[in-house]
Structure formats: structure tokens, C-alpha cells
Amino acid sequence: MGTDADTLKQRARRLYELGRLRGALGWSIPALILAALVALVVRQASIPLAIGVTLYAASVGLLWWGRAPGRGVLPGLVFGLVPLVAALVANFLGHASTGSSCLQICTFACFGGGLVAGLLIARVAVRSPNPLALFLSAASVAFLTGVIGGACMGVYPVIGMAVAIAAGLLPVALRSRLHAP
Amino acid sequence: MMVRLADGDRSAFDGAYALLWPALLAFCKRTLVSSDAEDAAQLALLKVFDRASTFLRGKDALTWAITIAAWEVRTIRRRHSRSRSTPIEGDEHVSPAQDPERIATDHELVEAAQAILGSLSPDDRATLASTFAEETPAGVSGAAFRKRRERAMTRLKEAWRRIHGN
Chain H
1 MGTDADTLKQ
11 RARRLYELGR
21 LRGALGWSIP
31 ALILAALVAL
41 VVRQASIPLA
51 IGVTLYAASV
61 GLLWWGRAPG
71 RGVLPGLVFG
81 LVPLVAALVA
91 NFLGHASTGS
101 SCLQICTFAC
111 FGGGLVAGLL
121 IARVAVRSPN
131 PLALFLSAAS
141 VAFLTGVIGG
151 ACMGVYPVIG
161 MAVAIAAGLL
171 PVALRSRLHA
181 P
Chain Y
1 MMVRLADGDR
11 SAFDGAYALL
21 WPALLAFCKR
31 TLVSSDAEDA
41 AQLALLKVFD
51 RASTFLRGKD
61 ALTWAITIAA
71 WEVRTIRRRH
81 SRSRSTPIEG
91 DEHVSPAQDP
101 ERIATDHELV
111 EAAQAILGSL
121 SPDDRATLAS
131 TFAEETPAGV
141 SGAAFRKRRE
151 RAMTRLKEAW
161 RRIHGN
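These protein sequences, in sequence, are chains H and Y. Just so we're aligned, residue 1 is where the first sequence starts under the numbering used here, counting upward by one. Just so we're aligned, residue 1 is where the second sequence starts under the numbering used here, counting upward by one.
The hints are simulated quantities; they were obtained by calculation from the structure and are not laboratory data. Built from N, CA and C at the ideal position, the CB exists for glycine as well. Please note that a few of the clues may not be correct.
Said to hold, decoys possible - Straight-line Cα separation of at most 27 Å, DSSO-like style, residue types lysine-lysine; simulated pairs:
| # | chain 1 | residue 1 | chain 2 | residue 2 |
| --- | --- | --- | --- | --- |
| 1 | Y | 29 | Y | 157 |
| 2 | Y | 29 | Y | 59 |
| 3 | Y | 47 | Y | 157 |
| 4 | Y | 59 | Y | 47 |
| 5 | Y | 29 | H | 9 |
| 6 | Y | 147 | Y | 157 |
| 7 | Y | 47 | H | 9 |
| 8 | Y | 59 | H | 9 |
| 9 | Y | 157 | Y | 59 |
Claimed, not checked - Computed, partial: chain H to chain Y, Cβ under 8 Å:
| # | residue |
| --- | --- |
| 10 | 9 |
| 11 | 11 |
| 12 | 13 |
| 13 | 16 |
| 14 | 20 |
| 15 | 23 |
| 16 | 65 |
| 17 | 70 |
Said to hold, decoys possible - Between beta-carbon pairs, the in silico distance windows are:
| # | chain 1 | residue 1 | chain 2 | residue 2 | range |
| --- | --- | --- | --- | --- | --- |
| 18 | Y | 126 | H | 29 | 53 to 61 Å |
| 19 | H | 65 | Y | 122 | 54 to 62 Å |
| 20 | Y | 74 | H | 25 | 28 to 36 Å |
| 21 | H | 21 | Y | 126 | 50 to 58 Å |
| 22 | Y | 77 | H | 123 | 51 to 59 Å |
| 23 | Y | 63 | H | 30 | 26 to 34 Å |
| 24 | Y | 63 | H | 25 | 50 to 58 Å |
| 25 | H | 22 | Y | 58 | 51 to 59 Å |
Kindly produce the complete structure, drawing on both the sequences and the hints.
The structure is reproduced here in C-alpha cells:
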């Protein structure tokens, strides 16, 4: 094996990136499983699976990149279960009623779930050395996780969820401002 | 540095490479002949970076890398021992004992073992010799000997790590 030093270094770097990608592909599989479960629960495959694939791709990219964005994937996925469950519950309760009351219940549930997720993510983010990057990464993952359950309810609940999760940015920004030199 | 690399900090790559390559090469050169040592060190280095993202915080990076290198050394040795054990027709006059590669490897191993044993105290050496001979010295109870043996083995492992791990 007469590989010179530069080639060996390049191969090592390539294997390092491939190793990270392999790990990211494996660790992101729960996103697909979650989407499949939701598809089974709501008896609608297309939207949950399409968003599940998007979530999987986002998770792979963030985990491969690593650092603060990579560390945000797990809290995002875990806390994203709050708006997801809220949306699923509202989906069943809301469709028992009709018209504007259904929309109100769904929007309120998605907003409430999103707010809880956003605040929990903010709590984790402010303890990190790079709170903004971690919050943005975790919030994106949490939003996509929540949307798996909420997308079939329409645009307003999804917008409500996004706004509520983004509200978690306030404590992160305040904390960053307080700790700024 | 490996923790940073596992976290995705690419700026730690050059530093980790610069530290690991000479350490792995030196380790492999102590146990294999030069050409095999370079092969083993390269394979170990590539595996270390391939698995870098799974490196756990709190582990000793050098010990982890050396463990991977030790497996590569073992694999190469096994490959050689398998190829030696296969009889080659028409090569019956060559004695395995006269194989220069084997003689060199054996010599290096004996030297390494002597160096490590030499760094131990006479008591530890005697305890290890008795262990090797599967006998308990006269006047020493079984429990006391087991304790002595355990301590001698710990010091032997520490000496091995000190000499071959750095």
C-alpha cells in the first residue's frame, strides 16, 4: 500500500464525512417511523409521508453537519411530539364537530402544542454555547414533526404552530442579549 | 480533539490527523515488520476517521485509536499465520523457522516483552514467572498469591500501555 501522505489524508477525510453521513442516515430513521405511524393513525398516507421524508432529509443534513445544528435534532424531534400529539387529538375531536368550531379547535391545539414545544426548545437552547443555531435547528425539526400530524387540517393550524414555536425565540434572543459583551 | 471531530467540528481534523498518524505508525512498527506496519497503521487510521462520529466524550482518544490499530495488527498477523500454515508444493526444503520475516517478528516480540518485564520489580517478575509456570510459590497462600498476581498483571498492563501506547 504505497499511498502517500496527502492521498491518505484525503481518504481519511472522505471516510470521516461518509461515516458521519452513515450515522446521520441511521439516526434519522425514527422520523420515517413516526411519519408511518401517523399515516396509519390518520388513515391518510400522502401528506404525513411526504412531510416525514422532508423531516428525514432535514434531520440527515443537520446530523451530518453536526455542531449546534446537529445537537438540535433530538430535542426538536422529542419536543415536536407535543404539537404532533396535540394536532392528532384535535384532529379527532375537531372532526366530531363541524365548520368554524373544528377550525378553532385545530388551530388552538396546534398553537398550544407549538408554544409548549417552542418554550421547551428555548429552555434547552439557552444552556447551549450557541443558543440561536440550536434553537433554529431544533425549532425546524419540531415544526416538521408537528406538521406531520397537523398538515391534513389545513393552512391555519400549521401557521399557528409555526408562530407558536417561533415564540420560543424570544427568551433565546433576550438571553443572548443579556450575555452579549 | 476527537470529541470536537465527533461533534462535527471539521477544523479539528488536521490536528487529529497530525497526532494520530505518527502514534499509530509507531505502535504498529513495534509489533510488525515495516511494510506490514505501514499497512496496518493506514487501515487503522482510516477506520478511526470512519468511526470518528461515534467517538464518545470521556473516552481516551489515543487508547481508542490504539485499540483499533491493535485489531489491524492482529488481523495482519492472522493472515500471515494462515498463509504460512498452507503447505506450498515444491517449497518443502524451506524451514518455517528460517523465515526471515518470522524471525524478525519473533525477535521484536521477545525484545518488547523483555523491555516490559525489565521495567517491573523483581517480585512482580517472580510472581509472573510462577503464574506462567502454573505454580504457587512455597510459603505463600493461594489467596495471597492471587492478590500478588493481580497486582503484577495490573502493573504489567500499565507498563505495556506506557511503552507501547505512547
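Hints, verified against the model:
1. As the CA atoms of residue 29 (chain Y) and residue 157 (chain Y) are separated by approximately 19 Å, the hinted pair is consistent with the 27 Å bound.
2. Note on residue 29 (chain Y) and residue 59 (chain Y): the hinted pairing holds, with a Cα-Cα distance of about 25 Å set against a maximum of 27 Å.
3. Taken as a hint, the residue 47 (chain Y) and residue 157 (chain Y) pair is honoured in the structure, with Cα atoms around 25 Å apart against an allowance of 27 Å.
4. About 17 Å separates the Cα atoms of residue 59 (chain Y) and residue 47 (chain Y), which keeps this hinted pair within 27 Å; it holds.
5. Between residue 29 (chain Y) and residue 9 (chain H) the CA atoms are separated by roughly 20 Å; this keeps the pair inside 27 Å, and the hint holds.
6. Between residue 147 (chain Y) and residue 157 (chain Y), the direct Cα distance comes to roughly 15 Å. Compliance with the 27 Å bound is thereby established for this hinted pair.
7. For a cut-off of 27 Å, the pair hint linking residue 47 (chain Y) to residue 9 (chain H) stands: about 12 Å separates their Cα positions.
8. At roughly 24 Å between alpha-carbon atoms, residue 59 (chain Y) and residue 9 (chain H) fall within 27 Å of each other, so this suggested pair holds.
9. Annotation: proposed proximity of residue 157 (chain Y) to residue 59 (chain Y) holds, straight-line Cα distance about 18 Å (limit 27 Å).
10. Below 8 Å, beta-carbon pairs count as interface contacts, and residue 9 (chain H) has one with chain Y at about 6 Å; its hint therefore holds.
11. Nearest Cβ of chain Y to the Cβ of residue 11 (chain H): about 6 Å, under the 8 Å cut. The hint holds.
12. At a threshold of 8 Å, the smallest CB-CB gap from residue 13 (chain H) to chain Y is about 6 Å, leaving the interface hint in force.
13. Interface restraint check for residue 16 (chain H): the shortest CB-CB distance to chain Y comes to about 4 Å, inside 8 Å, so the restraint holds.
14. For residue 20 (chain H), the shortest C-beta to C-beta distance to chain Y is roughly 5 Å, which falls under 8 Å, so the interface hint holds.
15. Because the closest C-beta pair between residue 23 (chain H) and chain Y is about 5 Å apart, less than 8 Å, the hint holds.
16. This hint holds: residue 65 (chain H) has a C-beta 6 Å from the nearest C-beta of chain Y, less than the 8 Å allowed.
17. The interface hint given for residue 70 (chain H) holds, since its Cβ lies 5 Å from the closest Cβ of chain Y, which is under the 8 Å cut-off.
18. Between residue 126 (chain Y) and residue 29 (chain H), the C-beta spacing of about 57 Å keeps the proposed range 53 to 61 Å intact.
19. At roughly 57 Å, the beta carbons of residue 65 (chain H) and residue 122 (chain Y) sit within the given window of 54 to 62 Å.
20. Between residue 74 (chain Y) and residue 25 (chain H), the C-beta spacing of about 30 Å keeps the proposed range 28 to 36 Å intact.
21. The hint said 50 to 58 Å for the Cβ distance between residue 21 (chain H) and residue 126 (chain Y), and at roughly 55 Å that hint holds.
22. A C-beta distance of roughly 53 Å is found between residue 77 (chain Y) and residue 123 (chain H), which places it inside the suggested range of 51 to 59 Å.
23. The supplied range of 26 to 34 Å is met by residue 63 (chain Y) and residue 30 (chain H), whose beta-carbon atoms lie about 32 Å from each other.
24. Checking the proposed 50 to 58 Å range against residue 63 (chain Y) and residue 25 (chain H) shows it is violated: the Cβ atoms sit about 29 Å from each other.
25. At roughly 23 Å, the beta carbons of residue 22 (chain H) and residue 58 (chain Y) sit outside the given window of 51 to 59 Å.
Hint violations for this structure: numbers 24, 25, all remaining hints satisfied.
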